[in-house]
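Visitor: The listed protein sequences correspond, in order, to chains A and B. Heads up: the first sequence runs through residues 1 to 502, numbered per the numbering used here. Heads up: the second sequence runs through residues 1 to 417, numbered per the numbering used here.
No wet-lab data here; the hints were simulated from the structure. As the structure is a prediction and not an experimental result, all values here were calculated from the model. A couple of the hints might just be wrong.
Heads up, simulated DSS-like pairs for lysine-lysine below, C-alpha to C-alpha not over 25 Å straight-line [what the hints assert, rightly or not]:
1. B:LYS269 x A:LYS280
2. B:LYS265 x A:LYS385
3. A:LYS312 x B:LYS250
4. B:LYS159 x A:LYS481
5. A:LYS312 x B:LYS372
6. B:LYS269 x A:LYS307
7. B:LYS265 x A:LYS474
8. A:LYS494 x B:LYS242
9. B:LYS242 x A:LYS287
Some chain B residues flagged as far from chain A (calculated, every beta-carbon gap over 12 Å) [to be verified]:
10. ASN30
11. ILE71
12. LYS106
13. ARG136
14. GLU145
15. ASP207
16. SER215
17. THR245
18. LEU306
19. GLY329
20. LYS334
21. LYS336
22. GLY341
23. GLU400
Heads up, the beta-carbon is just placed ideally off N, CA and C, and yes, glycines get one too.
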Amino acid sequence: METKKVVVIGAGVVGSAIARVLSKYQNLEVFLLEKNIDVGWGSSKANSAVIHPGHEDDPSKYPLRSKLCVRGNRLWHSWAEELDVPVKWPGELMLAFSERDVEKFQYYLDLAEKNGVPDVKIVYSDELRELEPNASPDAIAGLWAPTAGLIAPWDAVLGLVENAVDNGVKLFTETEVEDIVIENGIVKGVQTNRGFFEADIVINAAGLYADIISKKAGIDFDITPRRGEYYLLEEDVQPRVKRIVHQVPTEITKGVFISETVEGNILIGPSAENLPLDAKDDVSTTKKYLDYIWESAKRLLAKMPPKSSVIKTFAGLRAEPPSGRWIIEAYDNPKGFINAAGMRSPALTSSPAIAEYIVNELIKNKLGVKLVEKKDWNPYRKGIKKFKLLDDRKKEELIKENPKFGNVLCMCKEVTEAEIIEAIERMKKIGIKTISLDGIKFRTTSMFGWCQGSFCRVRIARVAANYLGMPEWKIFVKDNKSSYGVGYVKTFFKTSQGDGEV
Amino acid sequence: MMTTKYDSIIIGGGPAGLAAAIKAKELGLNVLLLENRDVLGGIPLQCLHPGFGLHYFKEDLTGTEFIYRFIDKFQKMGIEYFTNAHLTEIENISDTEKRIKVITSKGLQTFTAKTIIYATGARERHLYEIGVTGKRLPGIFTAGEAQTMMDVYGIMPGKEIVIVGSGDVGLIMARRFALEGATVKAVIELMPFPGGLTRNVVQCLDDFGIPLYLSHAVTRVEGDSTVEKVIISEVNERLEIKEGTEKEIKCDTVVVAAGLVPYIKILEKIGVVKDQATRGPIVNEYLETLIPGVFTAGNALVINDLVDHVVEQGELAAFGASEFVKNEGIPTRKWKRVFRGRNVRLLVPHYVSGENDVIIYARVSRPMNKVKVRFPEINKEVRLPVVKPAEMISIKLKKEEIQRAVDRITMEVLSNE
Ligand SMILES: Cc1cc2nc3c(=O)[nH]c(=O)nc-3n(C[C@H](O)[C@H](O)[C@H](O)COP(=O)(O)OP(=O)(O)OC[C@H]3O[C@@H](n4cnc5c(N)ncnc54)[C@H](O)[C@@H]3O)c2cc1C
Ligand SMILES: Cc1cc2nc3c(=O)[nH]c(=O)nc-3n(C[C@H](O)[C@H](O)[C@H](O)COP(=O)(O)OP(=O)(O)OC[C@H]3O[C@@H](n4cnc5c(N)ncnc54)[C@H](O)[C@@H]3O)c2cc1C
Chain A
1 METKKVVVIG AGVVGSAIAR VLSKYQNLEV FLLEKNIDVG WGSSKANSAV
51 IHPGHEDDPS KYPLRSKLCV RGNRLWHSWA EELDVPVKWP GELMLAFSER
101 DVEKFQYYLD LAEKNGVPDV KIVYSDELRE LEPNASPDAI AGLWAPTAGL
151 IAPWDAVLGL VENAVDNGVK LFTETEVEDI VIENGIVKGV QTNRGFFEAD
201 IVINAAGLYA DIISKKAGID FDITPRRGEY YLLEEDVQPR VKRIVHQVPT
251 EITKGVFISE TVEGNILIGP SAENLPLDAK DDVSTTKKYL DYIWESAKRL
301 LAKMPPKSSV IKTFAGLRAE PPSGRWIIEA YDNPKGFINA AGMRSPALTS
351 SPAIAEYIVN ELIKNKLGVK LVEKKDWNPY RKGIKKFKLL DDRKKEELIK
401 ENPKFGNVLC MCKEVTEAEI IEAIERMKKI GIKTISLDGI KFRTTSMFGW
451 CQGSFCRVRI ARVAANYLGM PEWKIFVKDN KSSYGVGYVK TFFKTSQGDG
501 EV
Chain B
1 MMTTKYDSII IGGGPAGLAA AIKAKELGLN VLLLENRDVL GGIPLQCLHP
51 GFGLHYFKED LTGTEFIYRF IDKFQKMGIE YFTNAHLTEI ENISDTEKRI
101 KVITSKGLQT FTAKTIIYAT GARERHLYEI GVTGKRLPGI FTAGEAQTMM
151 DVYGIMPGKE IVIVGSGDVG LIMARRFALE GATVKAVIEL MPFPGGLTRN
201 VVQCLDDFGI PLYLSHAVTR VEGDSTVEKV IISEVNERLE IKEGTEKEIK
251 CDTVVVAAGL VPYIKILEKI GVVKDQATRG PIVNEYLETL IPGVFTAGNA
301 LVINDLVDHV VEQGELAAFG ASEFVKNEGI PTRKWKRVFR GRNVRLLVPH
351 YVSGENDVII YARVSRPMNK VKVRFPEINK EVRLPVVKPA EMISIKLKKE
401 EIQRAVDRIT MEVLSNE
């Protein structure tokens, strides 16, 4: 049996899900290439985190979106369990404030039926208030979709990548694809900043950059960055919401959502703002849109949590394709090139189904590649144990085994030294070269809480630096350009080069 | 799991906690102190500047010198304590029995006590709480984090610094950076007046040629992979941005000194009632919260600018705990509520009895010259030459004075001019 080489460009939730499904086959050698220092730091880390039910997309306009969303929603139940990724299923409540809104519910009920979304119904007064006690008194009805869920999106990517690597996928971070090499209409591989990767199949899951990659393969379209901003509120803030609450969608946006994240924080957002084509990394927040979000959210709730409970604001970028249609295709020319582009919402929800679709419909059927399943494929991965969530007996045991569990470094989220070290080991295990504070943050939720790391970042930097055998100030924060400090206080400005080394 | 019962367990080993522990021990209580960090001392440990202890020791000490007097005494007295001990839960079993859970490297431990003195200090407000937009970039620090980096860990945060906030903390950090050779590009202050002491404006900014922008707000932080500049704008009297006044300041580091919030998450979980003005617990004259046997002091009670007040509060809470232990509860039955009157932004304590002399700690809502501080119900009046929001006022009410009130006392600050 001939082995085929597959390159997946981009370790977001889509590329990682594809890599995981590809790792099931013994006659594939899979390379997952990511330009950042770590995985999942594109659209996949800053979004609403909703696993949508699938009753909001019209199959005649968006055939793939509507089909793969419902399937993705279902698959996340088993995938989240196999990958030990935190999910919950609170259900989603779309609120109507006028008779016109209620009329629109019929449209979504029809879509629910067409797309096969179970148990969607309209609820009024008592039932509405029982489902969501904090729904605005002005809401006259709600569209209830009980199958909606929430996931920790960065955990989802980590789960997918760790599992894929465990099953033989080779991850290359800090590896940026610069060109697609094509000979006689057939894909030969990709050129990167770290050399040439030979490949029979190249899958473009480069998120906001998927248009640039696709152009290199001769397939032309533009991806518009569409920014969404958010507020994140403290964990214990009152009043809160039980459900994912949102308004009736408009053409450009599903509107503002309010939910309680799997971490227990309240998340409010997003806005929707088209940016210039080249603003592919502009995740700045703006006063204008943050104000808009707060005002919109106020309409949805009977009582808003206080603004003093905001612990951070942030923004994510949607990769918006022309006319909103996902571009998931294999081509006759260049043969072997597959796009998974324009992966706007609900692609987080759909990613498991997108991965299945690419493997079954495009690789097997369209490209005619025969795939042989591995006998020993391991569907399971264990996440880093969160000390905070364990029962007392287990905590006691762990501290006995490893006293580092008894050293709480992040007070807000109660993260221990042992978990910080485990995070570093996990990074090394999947082949990450630059260990960063953000990498530790997303793996442990340290520096994620009320104080946003102002108490503990320095202590975590020390633990990490000692473990890695480097000076604390040299630890990278978000990428391999920006270190935590610039040098040692007492030598920095005194050495002629000012490089901080003694 | 081991269990021991104490008269009082003190949470937090900063000045409030240490002072409380020492006093409680002197009053004959059996005490235990728990500190989360690996060292005792709290914030003053990392304050290399003078300005500590002028009232308490009648000496001008650095933070480190000041706190070591307490640490030394504490250790000589042989008071039991744990460092690297993280309190996770308080269980209010009854008025006279509290059980706490603590994570230490020796294991998960539970302790019980008749009283708790909660002295966990404060958390700093960060950039996103004060409405600054833009990117979340490396190079943004709170003043406390920057100070810990520099003076506990020896890490230099950056070269070109912009400081947000001109309270004493911001001013002192500006000088701290300048002393190490960094360029402090500006200190930005929203209000039309500096937040800190005039002395600090002169010694920390003027002496180093550091510009202070009053009535300015930082609106955005920009940069590619690290901080490159901040955008500031002028604000009007209502603190709204004046269009067209935007200006950028190049820098690689932004230090946020925008105030503190009492760090009392765990107390909130057991139902301690908060004062919206102080954001700390509501307390009586013993600094007991509305949960009997749970006391609080220092920045966990109210944000203090002077460590001397913090220590005073620690000692008072210890006195409260000892009264509580002696009498199986604070014996007072009738309380008089202390209300905020004109120009008073916040005050503690909230309830007084007339059984003790009481110090009222308060902040005004705006700076004023030549003021009368009045307590109309008890016919008390104190004159002060200047008051500022940044400087806590402390005024002693004698018990005989308090007794004159029926059920309430109001504090107001009026201009004499
Ligand atoms: C505001 C907002 C809200 C959303 N809400 C939801 C929601 O509630 N539910 C839902 O289902 N979906 C939601 N989405 C959509 C969802 O987040 C995205 O569909 C999903 O994350 C897309 O994943 P991806 O892997 O395609 O892209 P990304 O996560 O962006 O991954 C692409 C990766 O490719 C890498 N890359 C780019 N160029 C190169 C190159 N040349 N070489 C190597 N690597 C490269 C990038 O660094 C990046 O890591 C939302 C999106 C946004 C922005
Ligand atoms: C930059 C700066 C400059 C200052 N300059 C001056 C000055 O010149 N003069 C002056 O008088 N004052 C000054 N102060 C103010 C003074 O330092 C504070 O008012 C004082 O430290 C507050 O004491 P505290 O004990 O309440 O809190 P902290 O000093 O903050 O101590 C609280 C302690 O509790 C611990 N803790 C928190 N949570 C837990 C938990 N769950 N379990 C166990 N332990 C916990 C913390 O680790 C900490 O050690 C300055 C402060 C700053 C930040």
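Visitor: Evaluate each hint against the coordinates.
Guide: Quick rundown of the hints versus the structure:
1. B:LYS269 x A:LYS280: Since the Cα atoms of LYS269 (chain B) and LYS280 (chain A) sit roughly 42 Å apart, the hinted pair is violated (cutoff 25 Å).
2. B:LYS265 x A:LYS385: With Cα atoms ~24 Å apart, LYS265 (chain B) and LYS385 (chain A) stay inside 25 Å; holds.
3. A:LYS312 x B:LYS250: holds (24 Å)
4. B:LYS159 x A:LYS481: The given pair, whose Cα atoms are some 16 Å apart, holds under the 25 Å limit.
5. A:LYS312 x B:LYS372: violated (41 Å)
6. B:LYS269 x A:LYS307: With Cα atoms ~20 Å apart, LYS269 (chain B) and LYS307 (chain A) stay inside 25 Å; holds.
7. B:LYS265 x A:LYS474: violated (33 Å)
8. A:LYS494 x B:LYS242: With a Cα-Cα distance of about 42 Å, the restraint between LYS494 (chain A) and LYS242 (chain B) is violated, given a limit of 25 Å.
9. B:LYS242 x A:LYS287: It holds: about 14 Å lies between the C-alpha atoms, which stays within 25 Å.
10. ASN30: At roughly 25 Å from the nearest Cβ of chain A, ASN30 (chain B) sits farther out than 12 Å, so the non-interface label holds.
11. ILE71: Non-interface label stands for ILE71 (chain B): nearest chain A Cβ at 20 Å, farther than 12 Å.
12. LYS106: Violated, since 7 Å does not exceed 12 Å.
13. ARG136: violated (6 Å)
14. GLU145: violated (4 Å)
15. ASP207: Correct as stated: the minimum Cβ-Cβ distance to chain A is 18 Å, above 12 Å.
16. SER215: holds (18 Å)
17. THR245: About 15 Å separates THR245 (chain B) from the closest Cβ of chain A, which puts it past 12 Å; holds.
18. LEU306: Holds, since 22 Å exceeds 12 Å.
19. GLY329: holds (29 Å)
20. LYS334: holds (32 Å)
21. LYS336: At roughly 29 Å from the nearest Cβ of chain A, LYS336 (chain B) sits farther out than 12 Å, so the non-interface label holds.
22. GLY341: Given a closest Cβ separation of 24 Å, the condition holds.
23. GLU400: holds (40 Å)
Going through the hint list in order, the structure does not satisfy hints 1, 5, 7, 8, 12, 13, 14.
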